[in-house]
Amino acid sequence: MPASNLPALLGHLRELTQEYLKGGPDSFDAFKDLASQLLNITVLKPGAFIRPFASGARPGEMLLGGVPEPTDPLPLTDGRFLRLTISLFREPVEGGHRLKVRKSAFQYQEYRDDKASWIFRYDYLRQPPEREPGAHLQINGRLERAVLPNGKPLGRVRFPTMRVSLEAIIRLLVEEFGVPCNESEDVWRPALESTERAFFDVQNLPLGSLERPTPRSRGRSKLRRKT
Amino acid sequence: MATHTASVREQVLTLTREQIIAIIEREAQERLGLSARELFRRYSKGLLEDPGGVSDLIVVADLLPEDDELFAGV
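So the protein sequences, as listed, match chains A and B.
For what it's worth, our numbering labels the leading residue of the first sequence as 1, then goes sequentially.
For what it's worth, our numbering labels the leading residue of the second sequence as 1, then goes sequentially.
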C-alpha cells in the first residue's frame, strides 16, 4: 500500500474504533475488523486471519482466536506463530453498552504445534484468581544467576504489568524480534499509534499493575499527552 | 487499502457446548494430563504450576455459561 493511501487507512481505523467504543451490536465486528486490519498490515502471514467464535450459551459475547480452532496459533511473516485468544462482552452502562475484554492471552512461539517453544506470553484477566496478577508477562528464558527459589524457572515468573495493547505486542514483535511487516513503516507505525490512543483511554487497569492511575491522575494524563 | 483486507469480514463460527468442552478436554489432556474439570479446579485454587500454559483454554471457557457443570466445585 502506498503511503499516499495512509489517510484513507487511518480514516477506516478511526471509524472502526468509534464503532467499537460505542458498544452497540456492531461493536464486536468493529473490534474484530480493527484487530484483523492491524495484524494484516503488520505481522500476520498474508492469507491468514483471526476468526470470531460465539456460543449459543452466551449470546452477546464473542471470542477471537485462531483457525480452525480458537487455540490454534496464527502464522506470522517470520515463520513463527502468535497464539491469540481474546474474549469480549458488552457491559450495560448508563445510556447504553460498552465493549470490554474479559480475558486475553497472547503467546509468541517458534513452532505451531510445539507448545514448549513459546518465547513470551502476555495474559490479561479481568477477574484473576487469587495470587495471580491480572495482567502479566512471562518470558521463556534463563537467568544468569540462580536467584529464584526451589529452582523455579524464569518462565514460571509472572511479571505484573499494566494492560498491554495488541498494538504494543505487534510493535514488540517488529522492533525487538524483527518480524517483517506487510506494509512499510510509514503506514503501520501511524496506524498502530492512532488506534492505541483509544485503548489507553478506555483500558481497565487491573490490580497488580505497576501503577494504577485514575482517570484524572498524572499517569493517565501523560498517556494522553504522549499520544 | 484492499491488499490485506480480503479476509477481514470472517463469519462468526458458533460452537456448541460439546465442541467447546472437546477443545478444552483434549488440550488439557495433551498439555497437562488433566481432565478439563480438574484443570479448572486446580486453576481456580491456584494449584497449577504454570497457568500461563493454559491461559488460552481459560479464555475459551468464557464461551460456556458461568454455571456450566465444568466449573462445578470450582
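The set of hints was computed from the structure by calculation and includes no laboratory data.
For clarity, every value in this text was computed on a predicted model and none was experimentally measured.
A portion of the hints provided could be inaccurate.
What the hints assert, rightly or not - Partial chain B-side listing against chain A, Cβ under 8 Å, derived: (1) Ile-20; (2) Ile-21; (3) Arg-31; (4) Leu-32; (5) Gly-33; (6) Leu-34; (7) Leu-63.
For every residue, glycine included, the Cβ atom is placed at its ideal position computed from N, Cα and C.
Structure-based check of all given hints:
1. Checking Ile-20(B) against chain A: minimum C-beta separation of about 6 Å stays under 8 Å; hint holds.
2. Nearest Cβ of chain A to the Cβ of Ile-21(B): about 11 Å, over the 8 Å cut. The hint is violated.
3. A cut of 8 Å between beta carbons decides the hint on Arg-31(B): the least distance to chain A is about 6 Å, and the hint holds.
4. A least Cβ separation of about 11 Å between Leu-32(B) and chain A goes past the 8 Å threshold, and the interface hint is therefore violated.
5. Proximity of Gly-33(B) to chain A is violated relative to the hint, the smallest CB-CB distance being about 13 Å (cut-off 8 Å).
6. For Leu-34(B), the suggested interface contact is broken, since its CB lies about 14 Å from the closest CB of chain A, more than 8 Å.
7. For Leu-63(B), the shortest C-beta to C-beta distance to chain A is roughly 4 Å, which falls under 8 Å, so the interface hint holds.
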